Amino acid sequence: MELTVRRHTEQLAVCQLPPDAPLPSWAEAPGKLRAAVRSGHELSIVCAIAAVPPEVRHEGPFTGFEVQGPLDLGLTGVLAALVAPLAAATVSVFTLSTFDTDWILVPSMQHGAATTALERAGHTVVQPGTGAPVAPEEEA
1 MELTVRRHTE
11 QLAVCQLPPD
21 APLPSWAEAP
31 GKLRAAVRSG
41 HELSIVCAIA
51 AVPPEVRHEG
61 PFTGFEVQGP
71 LDLGLTGVLA
81 ALVAPLAAAT
91 VSVFTLSTFD
101 TDWILVPSMQ
111 HGAATTALER
121 AGHTVVQPGT
131 GAPVAPEEEA
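Using the working numbering, the first residue of the sequence shown is number 1, and each one after it goes up by one.
One should not assume that every hint holds.
[What the hints assert, rightly or not] Taking lysine to any residue and the SDA-like style, the derived pairs with C-alpha atoms no more than 25 Å apart in a straight line are:
#1 K32 <-> E42
#2 K32 <-> D72
#3 K32 <-> L79
#4 K32 <-> M109
#5 K32 <-> T116
#6 K32 <-> T95
#7 K32 <-> P54
#8 K32 <-> P128
#9 K32 <-> V78
#10 K32 <-> L17
#11 K32 <-> G129
#12 K32 <-> L73
#13 K32 <-> G69
#14 K32 <-> S108
#15 K32 <-> A81
#16 K32 <-> L75
#17 K32 <-> S97
#18 K32 <-> Q68
#19 K32 <-> L96
#20 K32 <-> T124
#21 K32 <-> A13
#22 K32 <-> A21
#23 K32 <-> V83
#24 K32 <-> E10
#25 K32 <-> F94
#26 K32 <-> P70
#27 K32 <-> A50
#28 K32 <-> L43
#29 K32 <-> G112
#30 K32 <-> S44
#31 K32 <-> T4
#32 K32 <-> L3
#33 K32 <-> H58
#34 K32 <-> I49
#35 K32 <-> A132
#36 K32 <-> H123
#37 K32 <-> F99
#38 K32 <-> A80
FYI, nobody ran anything at the bench for these hints, they're computed from the structure.
Computed from a predicted model, the values in this text were never measured in an experiment.
Can you make the complete structure from the sequences, with help from the hints?
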């Protein structure tokens, strides 16, 4: 399965709050990706790292790779096709899905290694907005 993914430039954070915490206003800051997932153990938020207050527990920065969609919800193997080459390249991932597509977040320091691994696996990595392939000098 060969996919096209868009590598975004916005720096993201993955945040953790108590499970009963209200959704904070900073989690609604404008950005390409905002997500909140509540479980019985935590409220996890993905948003622009610049919006996260310093006292909030978070990891990042992450770079987001968005699978070109929309994808059919019955499609199988999308995440496996992307995560396997990243694992082989020892790039850690945080994944999330929307109704239309999948996202893979990688530590921003590893975005070049992630781009290379995805391209070697036959995927196309493009720049946001232009859809042009990522230039080799942008991969480092």
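Verify the proposed pairing of K32 with T95, using a straight-line Cα cut of 25 Å.
15 Å, holds
Please verify whether K32 and H123 have alpha carbons no more than 25 Å apart.
Answer holds: K32 to H123 is near 22 Å, not above 25 Å.
Are K32 and A80 close enough, with their CA atoms no more than 25 Å apart?
Holds, at about 23 Å.
Given the hinted pair K32 and P54, is their alpha-carbon gap at most 25 Å?
It holds: about 21 Å lies between the C-alpha atoms, which stays within 25 Å.
Is K32 within 25 Å of T4, Cα to Cα?
17 Å, holds
Pair hint outcome, K32 versus T124 [Cα-Cα no greater than 25 Å]:
20 Å, holds
Just to be careful, I want the Cα atoms of K32 and D72 compared with a cutoff of 25 Å; is the pair within it?
21 Å, holds
Holds or violated: K32 and L73, Cα atoms, limit 25 Å.
21 Å, holds
Does V78 lie within 25 Å of K32 when you go C-alpha to C-alpha?
Holds - the C-alpha atoms of V78 and K32 are around 21 Å apart, at most 25 Å.
Given the hinted pair K32 and Q68, is their alpha-carbon gap at most 25 Å?
Roughly 14 Å separates the two Cα atoms, so the pair holds.
Please verify whether K32 and L79 have alpha carbons no more than 25 Å apart.
20 Å, holds
Hinted pair K32 and L96, Cα distance within 25 Å
14 Å, holds
The structure shown violates none of the earlier numbered hints.
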